[in-house]
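*Asks:* Protein chains in written order, with full-length UniProt numbering: chain Z, 1 to 471; chain Y, 1 to 471.
Do not rely on the hints blindly, as some may be mistaken.
What the hints assert, rightly or not - When the alpha-carbon atoms are kept at most 20 Å apart in a straight line, the in silico DMTMM-like pairs for lysine to aspartate or glutamate are as follows:
id	chain 1	residue 1	chain 2	residue 2
1	Z	K183	Y	D266
2	Y	K445	Y	D403
3	Y	K445	Y	D420
4	Z	K183	Z	D164
5	Z	K183	Y	E138
6	Z	K445	Z	E407
7	Z	K183	Y	D414
8	Y	K445	Z	E300
9	Z	K445	Z	D403
10	Z	K183	Y	D7
Claimed, not checked - Some chain Y residues flagged as far from chain Z (calculated, every beta-carbon gap over 10 Å):
id	residue
11	A20
12	P219
13	P352
14	P394
Stated by the list, open to error - Derived CB-CB ranges, DEER-like:
id	chain 1	residue 1	chain 2	residue 2	range
15	Y	P443	Z	F419	53 to 59 Å
16	Y	R417	Z	G258	46 to 52 Å
17	Z	R100	Y	N180	36 to 42 Å
Worth flagging that the hints you see were computed from the coordinates, not collected in a lab.
Glycine included, C-beta positions come from ideal geometry on N, C-alpha and C.
There are 2 protein chains.
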Amino acid sequence: MLTPADDRFEAGLRASLPAAAFRPLEPRYLEEPRGLSRAGDALLIAPATTSEAATAIRAAQSARVPVVPYGGGTGLVGGQIGVDLPRPLVITLERMTVVRATYPAENTLVVEAGAILAHVQQAAHDIDRLFPLSLASEGSARIGGLLSTNAGGVNVLRYGTTRDLVLGVEAVLPDGSVLNGLKRLRKDNTGYDLRHLLIGAEGTLGLITAAALRLMPRPAQQGAAFFVVPDPDAALRLLDLAQRRVGPGLDAFELISGQGLQFQRDTMPDLRHPFADLPDWAVLIDLGLPAGATPETVLEELFAEAHEAGLVCDGVIAQSGAQRDAFWEVRERIPEANRRVGSISSHDISLPLSAVPDFLRHAGSVLGRAGDLRINAFGHLGDGNLHYNVFPAPGRVRADYADRVAEIKRTVFDIVREFDGSFSAEHGIGRLKVGELEHYGDPTKLAAMRAIKSALDPAGIMNPGAVLRGT
Amino acid sequence: MLTPADDRFEAGLRASLPAAAFRPLEPRYLEEPRGLSRAGDALLIAPATTSEAATAIRAAQSARVPVVPYGGGTGLVGGQIGVDLPRPLVITLERMTVVRATYPAENTLVVEAGAILAHVQQAAHDIDRLFPLSLASEGSARIGGLLSTNAGGVNVLRYGTTRDLVLGVEAVLPDGSVLNGLKRLRKDNTGYDLRHLLIGAEGTLGLITAAALRLMPRPAQQGAAFFVVPDPDAALRLLDLAQRRVGPGLDAFELISGQGLQFQRDTMPDLRHPFADLPDWAVLIDLGLPAGATPETVLEELFAEAHEAGLVCDGVIAQSGAQRDAFWEVRERIPEANRRVGSISSHDISLPLSAVPDFLRHAGSVLGRAGDLRINAFGHLGDGNLHYNVFPAPGRVRADYADRVAEIKRTVFDIVREFDGSFSAEHGIGRLKVGELEHYGDPTKLAAMRAIKSALDPAGIMNPGAVLRGT
C-alpha cells in the first residue's frame with residue numbers, strides 16, 4: 001500500500017537534505033510531453049549527490065512513498081510521469097551532471113546520470129573519442145533516462161543499443177542501498193549482471209545515478225549516400241552487400257519511404273530533397289572509416305555493384321560534410337513532417353531482418369483494405385526497427401479516426417507478432433504500453449519479471465505503474 | 001531443504017521421459033577436469049528436447065532435488081560438478097545439438113544449447129558468416145555452458161564477450177516453465193532483460209536450452225604480427241595507436257611475456273618462436289579487414305609509426321595464413337607450457353586498461369620480494385584481461401609452495417582490488433570462487449543477487465552451491 005508524499009514526509013526529507021535539493025514543481029514534471037497524460041501533484045527533489053538520492057529513497061521506502069525518476073523528460077511512453085499515484089516523490093537528476101573522469105587510453109568515461117547526452121558526446125569529442133549514442137532528443141535526454149530505457153538511435157547497427165555502450169552502473173536500489181557497479185572493465189564475470197537488469201528497467205528496480213560508458217575511436221573519414229531502391233527486398237539485399245563490402249564501417253542504414261518524403265514536401269516546402277522525383281523507397285547509408293579509406297570511393301563501388309545486381313536504380317553520394325548533414329536533415333525531419341500531418345497511430349516495432357519486406361507487404365495490404373489510410377514506414381532498417389506510422393487519407397484528420405485507433409494498433413501489433421517481432425523496439429514500455437506487454441509478452445517472462453520486481457522492491461515504491469501494472 | 005534423487009524420484013522420472021534420456025553415469029560428470037573436486041554420485045539424464053528438460057526440472061522442483069546443468073565440462077571454476085549435494089540430477093545437453101535454423105540475411109543462427117562451439121563456427125562458415133566466439137576449448141565446449149559462463153576468448157576486443165553475441169535465449173526456469181526468448185531481434189525493449197540475467201548466471205537461475213546467436217560478415221582478409229615492445233606501457237600505447245589506425249578491424253591484441261616464451265622453450269623444444277632472442281614482452285596483433293585492404297601493408301604502416309614513437313623495437317609480420325597460424329600456435333600453447341611447469345596459483349583477472357602497467361609493476365614487486373617466484377602474465381590485453389600465473393623458482397615444484405597458495409592468491413586479488421579490477425574476468429565463479437565473491441564482491445550486489453535467486457528459485461534447486469553459497 002503506497003502512501004502520498006505528505007507534509008510530514010516532506011518535513012522529514014527537508015530535515016535530512018540540503019535546501020538546494022528542493023526545487024519548485026514545474027509543469028514539465030507532471031505532463032507527458034505530447035499531452036497524453038498528466039499527473040496531479042508531486043514532491044520534487046534534485047539531489048546533488050548519490051548519497052542524497054539514497055537518503056531520499058530510504059525515506060520513501062520507509063514511508064512507502066512512490067518514487068518517480070525523472071531524466072530529460074523526453075521518453076515517449078510515459079515512464080517519467082507518475083499518473084494515478086498517491087502524491088509521488090519525483091527525483092530529477094538535473095543537478096548530477098558531472099563527467100567524473102575520462103580515460104582516453106581506456107576509451108572510457110564516467111559520468112553522472114543527469115548529464116545531457118550532447119554534453120557527453122562533447123566530453124568524448126574533447127578527448128578525441130566518440131560516444132556513438134545519437135538520437136533526435138540528444139540535446140535534452142539525460143544519461144540516466146537513456147540507460148533506463150535502453151535507448152536506440154541511428155548508430156545501433158554499428159555500435160549497439162545503449163546497453164552495449166555501458167561498462168558499469170552506480171544505482172540506488174529500492175531499499176536505499178547503493179550498488180557500486182562503476183567498474184571500467186571489459187570483462188568481469190563475478191555474478192549476475194545487475195547492470196543489464198537495471199538498464200531497460202525504466203526506473204522500476206532502482207535509480208541509476210552514474211555510469212561508466214564505452215567510447216570509440218573517432219572515425220577518420222565519414223560519408224553518406226542516398227540510394228534509391230526498387231523495394232524493401234532490394235534494400236535488405238543492399239544492406240547485406242554493404243555489410244560484406246564495408247565491414248564494420250557501416251554506421252547507419254536507414255529506410256525512407258516515398259510517403260515520408262511526400263509528407264515533407266507537403267508540410268515543409270523549404271526542405272530540399274536530393275531527388276527531383278520522389279522515389280517509392282530510398283536508403284540513407286552512412287559510413288565511418290579509418291584513415292586511408294575514402295568514403296566516396298567506397299560508396300561509388302558499392303553503388304556500381306548494387307546497380308549491376310539490380311538493387312539500386314538511382315543514387316547520390318555526399319561530396320562534402322555539409323551535403324552529408326543535408327542528407328541527415330531529410331532523415332531527421334521525417335518525424336516533424338509526420339507531426340504536421342498528424343498520425344492516427346504510431347508504432348515503434350522491430351522485426352527479424354529478413355521478415356521486414358513480407359511484413360511491409362502484408363501489413364500494407366491489411367491496412368490498405370479500407371482504402372482510407374496512408375502509411376509512412378521508415379527507420380533503422382539495419383536493426384530491423386521500423387517506425388510504422390498510420391495517417392489519415394488526404395483531406396481528413398486524425399480526429400476522424402478516433403474510434404479506430406485501438407483497432408489499427410491491434411492490427412499492426414498482431415501482424416508484428418505473426419512475424420516474431422516486437423511491439424516496442426526502442427521506446428520501452430513506460431505506462432502507455434503496459435497493456436501491450438501483458439497481451440503480447442511471454443507469460444513466463446512476465447512472471448519472472450514480477451518475481452524480480454517483488455524481490456528487489458517488495459513495497460513497489462520505484463516508478464509504480466511503469467512496465468508492470470501496480471499491485 | 002534439498003533431497004537426493006533417490007530410487008523413487010528416478011522411477012518417477014523414468015515413467016515420464018523416454019528411455020533414451022537416461023545415460024550411464026561416466027566419471028567426467030563427477031570430476032572437475034583438473035581433479036580439484038569430485039562429486040559422489042548423481043542421476044544423469046540427457047533430454048532430447050526442451051520439453052523433456054522442462055519435465056525433468058518440474059519433477060526436481062516438486063521433489064526438491066538439486067539440478068546440475070552439464071555442458072561440455074570445460075569450465076575452470078567447478079560450476080559443472082555438483083559436490084557436497086544430496087545426489088543431484090545432472091542434466092547434460094549432449095543430445096540437444098541441432099542448429100534449428102540459419103538466417104544468412106539476418107546474420108543470425110538459432111541453435112540448441114548442447115551444440116559444440118566448433119560446430120556452430122562451422123555452421124556459420126557454411127553460410128559464409130562468422131561466429132566470432134573462439135577459445136581454446138572450442139572443440140568440446142557447448143553453447144549452453146558458454147552462455148551460462150559468459151565465456152570470453154580471443155576475439156572479445158572486436159566482438160565482445162559471449163553475451164554480446166546473443167540475441168535471445170530459450171531456457172527452462174527453476175519452476176519448470178519455459179522462457180520463450182528466442183527472438184532474432186536487434187532491438188526489443190519490452191521489459192527486463194532476462195537474457196542477460198541468465199547469461200553468466202552459471203545455471204543457478206535456469207537451464208539454457210537454445211539461443212539465437214549473432215553472426216558477423218567474414219573478414220575478407222586476415223593478418224597477424226608479433227611486435228616486440230619494451231614494456232607493458234608501450235604495449236598499451238601501441239593498442240591505442242592500432243585502434244586509431246585500424247579501427248574496428250583489430251580482432252585481437254594479446255600480451256605475451258618473455259617468461260611464458262621461456263617456459264615454452266624449456267618444456268616444448270619443438271615449438272618454433274618467431275624470435276631468435278626471447279623478448280621481455282611481445283604482443284600478437286590480429287586483423288580482420290574487408291575486401292580491398294591488405295593486412296600486411298596495414299601492419300607494416302602500423303609498425304613504422306609505432307617504431308618512430310618508440311613503442312616497438314622489433315617485429316615480424318605473417319606473410320601467409322600458415323605463418324599466421326604458427327603465430328597463434330605460440331599464443332595458444334602458453335597454457336600448455338604453464339601446465340608442464342606447474343603453477344602455484346593462477347589468476348584470471350581484469351583491470352581498467354590504463355591500470356595494467358602499474359598493476360604489473362606493483363604486483364611483480366610485491367610477489368618478487370621473497371625472491372623465489374616466477375610470474376607469467378599474459379592474455380587479452382585489449383580487454384584488460386590478464387592470466388596472471390605464479391610459478392615456483394627454477395628447480396622447485398608447486399608442492400613446495402602448498403602452504404603459501406592461499407597467501408599468494410590473496411596478495412594478487414588484494415592488489416587487483418586496489419586497482420579496481422576483477423578477480424574473475426572470464427572464467428566465472430562456479431564453486432571454486434564463491435569465497436572470493438563473498439570477500440571481494442559489492443555487498444549490495446550480493447544482496448540483490450541473493451534476492452533474485454530466492455525469487456526465481458525459492459527452493460534453491462538450480463546448481464546449488466555455484467555462484468552463491470547454498471543456504
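*Asks:* All hints, please: hold or fail.
*Replies:* Structure-based check of all given hints:
Between Z/K183 and Y/D266 the CA atoms are separated by roughly 38 Å; this puts the pair beyond 20 Å, and the hint is violated. Between Y/K445 and Y/D403 the CA atoms are separated by roughly 32 Å; this puts the pair beyond 20 Å, and the hint is violated. Note on Y/K445 and Y/D420: the hinted pairing holds, with a Cα-Cα distance of about 16 Å set against a maximum of 20 Å. Among the hinted pairs, Z/K183 with Z/D164 is consistent with the structure: their alpha-carbon atoms are about 15 Å apart, no more than 20 Å.
A distance of roughly 29 Å separates the Cα atoms of Z/K183 and Y/E138; the hinted pair therefore is violated under the 20 Å criterion. With a C-alpha separation of about 26 Å, the suggested pair Z/K445 and Z/E407 falls outside the 20 Å cut-off, and the hint is violated. With a C-alpha separation of about 16 Å, the suggested pair Z/K183 and Y/D414 falls inside the 20 Å cut-off, and the hint holds. Using a Cα cut-off of 20 Å, the hinted pair Y/K445 and Z/E300 is violated, with the two alpha carbons roughly 52 Å apart.
Under the criterion of a C-alpha separation no larger than 20 Å, the hint pairing Z/K445 with Z/D403 is inconsistent with the structure, at around 32 Å. For the suggested pair Z/K183 and Y/D7, the alpha carbons sit about 48 Å apart, so the restraint of at most 20 Å is broken. No Cβ of chain Z approaches the Cβ of Y/A20 within 10 Å, the least distance being about 27 Å, so the stated non-interface status holds. With a least CB separation of 7 Å from chain Z, Y/P219 falls inside the 10 Å interface cut-off, contrary to its annotation.
Separation of Y/P352 from chain Z is inadequate, the least Cβ-Cβ distance of about 4 Å not exceeding the 10 Å criterion. The claim that Y/P394 lies off the interface holds: its Cβ sits roughly 32 Å from the closest Cβ of chain Z, which is beyond the 10 Å cut-off. Evaluation of the 53 to 59 Å hint for Y/P443 and Z/F419 yields a failure: the beta carbon distance comes to about 45 Å. The beta-carbon spacing between Y/R417 and Z/G258, approximately 59 Å, falls outside the hinted interval of 46 to 52 Å.
Here the CB-CB span from Z/R100 to Y/N180 is close to 41 Å, well matched to the stated 36 to 42 Å.
In terms of the numbered hints stated before, the structure departs from hints 1, 2, 5, 6, 8, 9, 10, 12, 13, 15, 16, listed from lowest to highest.
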